[in-house]
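**Q** Residue strings, one per chain:
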Amino acid sequence: QQQVKQSPQSLIVQKGGISIINCAYENTAFDYFPWYQQFPGKGPALLIAIRPDVSEKKEGRFTISFNKSAKQFSLHIMDSQPGDSATYFCAASFNNQGGKLIFGQGTELSVKP
Amino acid sequence: DTGVSQDPRHKITKRGQNVTFRCDPISEHNRLYWYRQTLGQGPEFLTYFQNEAQLEKSRLLSDRFSAERPKGSFSTLEIQRTEQGDSAMYLCASSLRAGANVLTFGAGSRLTVL
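Residue numbers (the working numbering), protein chains in the order written: chain B, 1 to 113; chain H, 1001 to 1114.
Here chain B stands alone, though its shape is the one from the complex (with noise of 0.2 Å):
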């Protein structure tokens, strides 16, 4: 129940082309869900959260969508550019529980030029 799963395990996207990278969870409870962008040598960086009261957050070329009867949700990376590729994790916590993340698996992206 504590579980993330993420999906897919690697991505291949030509330039200017849609990264889908896919989330799931069980624990109803969770109510904060970030996603992460880790390049190699470095930590992971936030790119972009969202709460569970709403469906779709975007920022720039960067939205998460959130289907919560589901228990899904998705990072969508628009026009992507070799710049973005990276490992991607999603992650889930309780509010209550502050910076302890459960993470899923990764998602390592690869955008060919």
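Worth flagging that the hints you see were computed from the coordinates, not collected in a lab.
Predicted model, so just to flag it, every value in this text is computed and none were measured.
Even glycine gets a Cβ: it sits at the ideal position worked out from N, Cα and C.
There is no bait here: all hints are sound.
Reference listing, derived: stretches of chain B covered by chain H, where coverage requires no fewer than 3 residues with Cβ under 8 Å from a Cβ of chain H:
(1) 41-54
(2) 82-96
(3) 102-113
Please arrange chain H on chain B, whose structure you already have, making use of the hints.
**A** Below, chain H alone, put in the same frame as chain B:
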């Protein structure tokens, strides 16, 4: 402010040796977290501090692991009697209490146990 700093970046040790990692958080952040990340996996929560108080420890933090944050500023994570299974990236993160969900991670300390 240079972000969250971790030292050393890489540590190679022999099984049975003790190792210590240091984390310097963002200065105004009063929460500090330790996570462990193994190859091809997402980070796993180990423990966190609110100022100098260690408020929660994961089951992953065996008796061989100890973390301190003596003055509410930097933190150390010590692993005693290292085992090959301890090989991982140890990530430190910090946050403001008010925005506790928003973590800023350091680049990590990679441990290899031979």
